[in-house]
Amino acid sequence: MKALRLKLFQETACYKKPFASKVAETYPLPPYSTVKGMIHALLDANQFIPMRLSVQGTYEAKLLDYQRYYFFKRRELSSFPLVLDGLARMEFSYDKNEITTMPMYTHLLHNVHLLIHVEAEEHILTQIIHAIEHSTTHYSLGRWEDLVRIDEYKLVEVRELEEDETLTLQRDAYIPRHLLDRETKSIPYQLNWKYEIVNGIRQWEKIHVGYVQKGVEAPEGVWIDEDGELVFYHL
Amino acid sequence: MKVELHMGGWMINMGLVGLYRVFEYGRKHEIISEEHKHSVTVKPWGIELDTEVLPQLPRAYFLYLLEEYSVARRECERLDAYIEQVKNEEQFKNHLTAIKKVISDTGTKIIKYFTHETLESILKQIKEIKKYEQVHQLEEHIRTLKQVYSEPKINEKLTFNYFKHAILKPLFFGQVSFLNVSKNNLDFEGHVEEFYNSYIFPVVNDLYLESVINDSHSMEEISSLLEKQSEYQLFRQLKRAWKKKTLEEVREYVKTEINKCLLFNERLAFYNFEEMVFSPIGVAKDKAFNFSWYFNGEQPRPLSSLAKLVLLFAPIGSTIYYKNEGINEQTERRLYAGFVQTDATFAEVLQKNNHFRELKKKREPFNKIVSQLVQSVKKESEYTVDHLFFLEFFSDYDSKKTHLHYYHLPMYLAHYFKQHADRLDYIKPYDYREQFVQSVLRGADPIHVIYHYLRDCIKNERSTNGPYIAVRERNRILQFKKGVRDMATTDKRVTALFMQGREIRDAIIRSSGSEKKVTSIAYRLLNAAKAGNRKSFMDTLLRIYMSTDRPMSPIFLNALHERDLDFATVANAFIAGLLANQYKEEQEEVQA
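So the protein sequences, as listed, match chains B and A.
Mapping to the UniProt record's numbering: the first sequence position 121 is 121, numbers consecutive.
Mapping to the UniProt record's numbering: the second sequence position 167 is 167, numbers consecutive.
Hints were generated in silico from the structure; no laboratory data involved.
Owing to the predicted nature of the structure, the values given are computational and were not obtained by experimental measurement.
Be aware that a few hints might be false.
To be verified - Part of the chain A face toward chain B, derived, beta carbon under 7 Å:
id, residue
1, Val254
2, Asn259
3, Gly282
4, Lys287
5, Phe289
6, Ala421
7, Asp422
8, Arg442
A virtual CB, placed ideally from N, CA and C, is assigned to each residue, including glycine.
Could you put the whole structure together from the sequences, leaning on the hints where they help?
What follows is the structure, encoded as structure tokens:
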């Protein structure tokens, strides 16, 4: 089956964890919902497009950024700063009873290289390529300011890995729990995938994965593309 | 009723480990009654909990904390240590001032709460002690003081104050329930009751409600439960909302109007994840509307009472220790909570964390801890290593500040620690070693630690092998990262540079007769290295070699082309050699 393979680079990125408000912790790789979000944004989609994803990548180091955050103490505000290039260089005054600020730590990954496979209907993949080639704005993955450089996009043929083939991971990867065997050591994560709005909040479908580091032997039942890159679809 | 508590993110795992520790403690000390001794069972995926045992947990929780943080024990150990020092006549004056301060601080705290004639008179008499001849009197007073500290009511009050105000409040929960200032006057039983009312009572009721909704065949059962537990505010609200509803309508209401818990997905969520539930990462929902979708200020992150209870055990599941942050004058001592996360079964997570706690209690340095926790499993004559990550945080509820550090252990580092962690012991003082190891675990280059270390050695004329070892180990780590496993060749290069430095040192001292010139050269070279200024470094180096009339080794060319070693290693190994003059035996041992 065909898939779109994306090779991405980010100088810094924070894929924020859902609970981490006071300090922005990041996942080691973008969760499926973030990648899905980027693709849906590229396509300007207004409803969910079915797809399967595989996320792999490496980062060089983790660093801390000290950022000023704005806290809205009321739901209705008399002034609301909505600017795209930050508040640093503009005069912005606010009512202290409505907004407070506090510096907080943000965890950033440094020099992130990602390899992402997207499997969807072929016309969707063609649309994504068209969107990449004709985008009028920058690409970002994670937060808006986590810029992405798209180093490669290519349609590749993906097949199942034969039982007698053994390959080791060239990058760290999320591998869904059902594919992991007992031998493979990993760190568990429950990643968001897609949501339904129930009672005014997003109820997420979770994918249980293990974060497996490169150098480990790939478990059985995974896929491989025509250039020998491993693929770990989440569904 | 039995509920399954599955492991998840680090925060919930911390809670589960804590819950298990408290239960085990209660079982051993017979706080948990005989019939509930099997109420908490370890499963590969987490814990199976029989909710019948819940009312007995608050007592076990506080007794556990009382023993773990016993102020009486801490103070007695402190006094024992001091009394040994005071016996040294030469140092008597200094140590006496210190011991008097410690005694008076603790004494004031006790007198604030209790009238205690013996204590008051001892405090007065200790003030009178001024001469070494009175040391026996002092010993006698200390013996009595230790008895005073160990009186149950005194130990209980001081220990409660300590774990509430130094650990639970600032690090984990803020001013919630029994941690609120208005509850400061509660005694032991008061605390147990408050814990029960704020945490256990809601869990018992919520779980019961869930089972009734699922199993009952008529609305009456639900109504009678709501009626019976009408002191539970939530039930009063539900009673109003469900007044004229049929069973089907109530089930529909539960499906559409009540959210599911984000941590234990199958449970109904009547609470919210926010600062008071877990303050290191949560924010108050009504003070940060822009942190939730559509400015939801009601329940942006739904949480069940069960998850809230499990999180209350997080302080016991983590390991609490002091840690120095920063280098030299900027050091700050902070209380940290640490945890080891891995994908293994719950039993293994528990065992890893128990081990971690033991090592921390022994004040083992981080390199030792990492190397001991990375247990090797022999598999087909190859070593595999566990995949761990360490997490530690400092949090201050009042200033709303959290420092959270992750230490992922990639495979190359796990292998490095397995083979070479002991070598890091030569990096002294301790602070530099900790900083070095922590940088490495963050995936960062520890070079900035080495620069500080070298500067410290020059400034304080400390001549040891520490910097050399630090340079060599950093280089080894870089090689491991590249996939090189045999260190013989690269080690030889670093040693050669170090020896060059030592030879030049000897030559300079022979010609000038003083160490000052070496120091000034070392400063200059270090500045060049730190700034990455190769030209300036090579320029200084050439001048030294010319002035000492020696041939220059071609190995220095690495500073320019970096084929075998990087510039920082070349520069720092040489500078380390320039600074090393003593401990020849130690050097030989290290090189062996």
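Verification of the hints:
Hint on Val254 (chain A) is violated. Least Cβ distance to chain B is approximately 11 Å, over the 7 Å limit. With 7 Å as the threshold, the beta carbon of Asn259 (chain A) comes within range of chain B, its nearest partner Cβ sitting at about 6 Å, so the hint holds. Evaluation of the Gly282 (chain A) hint against chain B yields a held restraint, the C-beta minimum of about 6 Å falling below 7 Å. At about 5 Å, the closest approach between the beta carbon of Lys287 (chain A) and any beta carbon in chain B falls short of 7 Å, and the interface hint on this residue holds.
Interface hint status for Phe289 (chain A): upheld, as the beta-carbon distance to the closest one in chain B is roughly 4 Å, under 7 Å. With 7 Å as the threshold, the beta carbon of Ala421 (chain A) stays out of range of chain B, its nearest partner Cβ sitting at about 19 Å, so the hint is violated. The beta carbon of Asp422 (chain A) is not positioned within 7 Å of any beta carbon in chain B (closest approach about 24 Å), and the interface hint is therefore violated. The closest approach between the C-beta of Arg442 (chain A) and any C-beta of chain B is roughly 5 Å, which is under the 7 Å cut-off, so the hint is satisfied.
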